[in-house]
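Participant: Here are the chains, one letter per residue:
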Amino acid sequence: MLTDDEDKVWPTGLTLKEAEEVHSYLIDGTRVFGAISLLAHFLVAASTPWLG
Amino acid sequence: MFDYRRIVLTKLASIGPRYLPFADVASKDVPLSRLLRLALFQVTVGMALVLLVGTLNRVMIVELSVPASLVGTMLALPIVFAPFRALIGFKSDTNKSALGLRRLPYIWKGTLYQFGGFAIMPFALLVLSGYGEAYDAPRWIGYSSAGLSFLLVGAGVHMVQTVGLALATDLVDEADQPKVVGLMYVMLLFGMVLSAIVYGMLLENYSPGRLIQVIQGSAVVTVALNFIAMWKQEARDRVRAQAMAAAENIAFRAAWAQLMQNAGMIRLLIVIALGTFGFGMADVLLEPYGGEALGLSVANTTKLTALLAGGTLIGFGIASRVLGNGGAPSATSLSGALIGIPGFAAIIFSAYGGGTPAFLAGTLMIGLGAGLFGHATLTATMRAAPKDKIGLALGAWGSVQATAAGVGMALAGWVRDVIAALPSDANGFAIETPYNIAFSMEMGFLVLAVILIFPLAGRGDLTKATRAAASSQSNPVEAP
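Sequences listed follow chains C and Z, in order. Residue numbers for the first sequence follow my numbering, beginning at 1 and rising by one. Residue numbers for the second sequence follow my numbering, beginning at 53 and rising by one.
Bound conformation, chain C alone (with noise of 0.2 angstroms):
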């Protein structure tokens, strides 16, 4: 399981630079989760208001 590859990231097996990369799809798909859900909710207070 656990390797004696120094690139190697504990536990899963990738390296540095694959578990970057999977982390940057995860960071990418937040950004543009949070920017759509801001950009929703800007939507339904411009035609429902809430809190007013």
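Keep in mind the hints are simulated off the structure, nothing from the lab. Where is the CB? At the ideal position from N, CA and C, for every residue including glycine. It cannot be assumed that every hint is accurate.
[What the hints assert, rightly or not] According to the in silico footprint, chain Z covers these stretches of chain C (three or more CB under 8 angstroms from chain Z):
| # | segment |
| --- | --- |
| 1 | 27-33 |
| 2 | 39-48 |
[As the list claims (entries may be wrong)] SDA-like mimics (lysine to any residue), calculated; alpha carbons at most 20 angstroms apart, straight line:
| # | chain 1 | residue 1 | chain 2 | residue 2 |
| --- | --- | --- | --- | --- |
| 3 | Z | Lys148 | Z | Val275 |
| 4 | C | Lys8 | Z | Asp289 |
| 5 | Z | Lys161 | C | Tyr25 |
| 6 | Z | Lys148 | C | Leu38 |
| 7 | Z | Lys148 | C | Glu20 |
| 8 | Z | Lys284 | C | Tyr25 |
| 9 | Z | Lys148 | C | Ala35 |
| 10 | Z | Lys161 | Z | Val275 |
Here the structure of chain C is known, so what remains is to put chain Z in place on it, guided by the hints.
Facilitator: The following block gives chain Z in isolation, referenced to the frame of chain C:
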């Protein structure tokens, strides 16, 4: 001490390969179930197309009372991204990834955009129509957000379809490519038919809340289906990752120029544009033509769409069989265009004494011709590219095809409206005249396509010989 850590790690290691979202084991033989699963991305594409072109077209005009011209402009926005399909395909070919992935990152991004567009679309449409407090909101908010949502969905659809088709062709041998193309397009049609029925049922009792549910539901279904489609389809590959990192950067312009050097490639793209233009204009005009010129009922005109789709399915089936058995794509696309021409003639004739039978026969022939033509030209484009440039080739096909189809649709509606709007006492046009002018134009485009294919279809043996002699650097196009 109880070594819980080691036990957990062993457990993790044993479930890892089965549940990690990367296919660690890539096998040479791909079962049908896996291809069908991959084809789910076409179902989501079909869903998006039906929602945009069919459902929302009606909902925006009838229920939301948005001006028809504005609706037309909004729905045409996704075409803006169609020419970028070649670029997307090229980028996926030359993607640099530490995981060795080429296609999956782009399908994933496309899915995100598609999801994002659908997620904001219902609210954007409600603001656009001035629902609730949005009546007092500045107009530009509605315009820009609705435009953005359509752009996002369009960009997502183009990305997912281009790169998804490239992934599907990656999975199979060159001999099986025609079959995979057929399968993918059958699934697209299946998705369109299914979602048209489902949307029709769900939106029967329209309310703003229902609109939000349906469109956002589509967003969730899109992500879910695309995720299932992508699951374990592309192997994580360290060898390929190293090759990617070592590969020199190629400019898009250079790769494009190289693709265009193939004998007959430019001609092929022109033929695709002309043929798609001809067939694509039919889609939007057949239903109103049946209703207005022949007096068919709404239920009957809906069956027309089924007839057209049925013809296309038969066309795909025949093309898959013929091309899979080594037939030349040029001959197949020629016969597709040749079937379309009498099809349009029959439809025009139906207004001058042919009646409904001629109209139905013409519709079926157009469907059949479109299926044969679409399948054969796509196969020809794929065969023109070496395996590592398949994304660019598919992108080039998609750019031309999607742009021509979109422009054709818009032009067909526009031609009809302009001619119908001419003062009637001055020209004395019958009700069918504007349609028949459009149909004649389509016939003209098909005739042009036939003229361009014809010289190449005749010398099938010659192109086969040159193709066999060619190096992997320059694969001449077998057709047309």
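Participant: For a quick check of understanding: which of the numbered hints are violated here, in increasing order?
Facilitator: Going through the list in order, the structure violates hints 3, 6 and 9 and respects the others.
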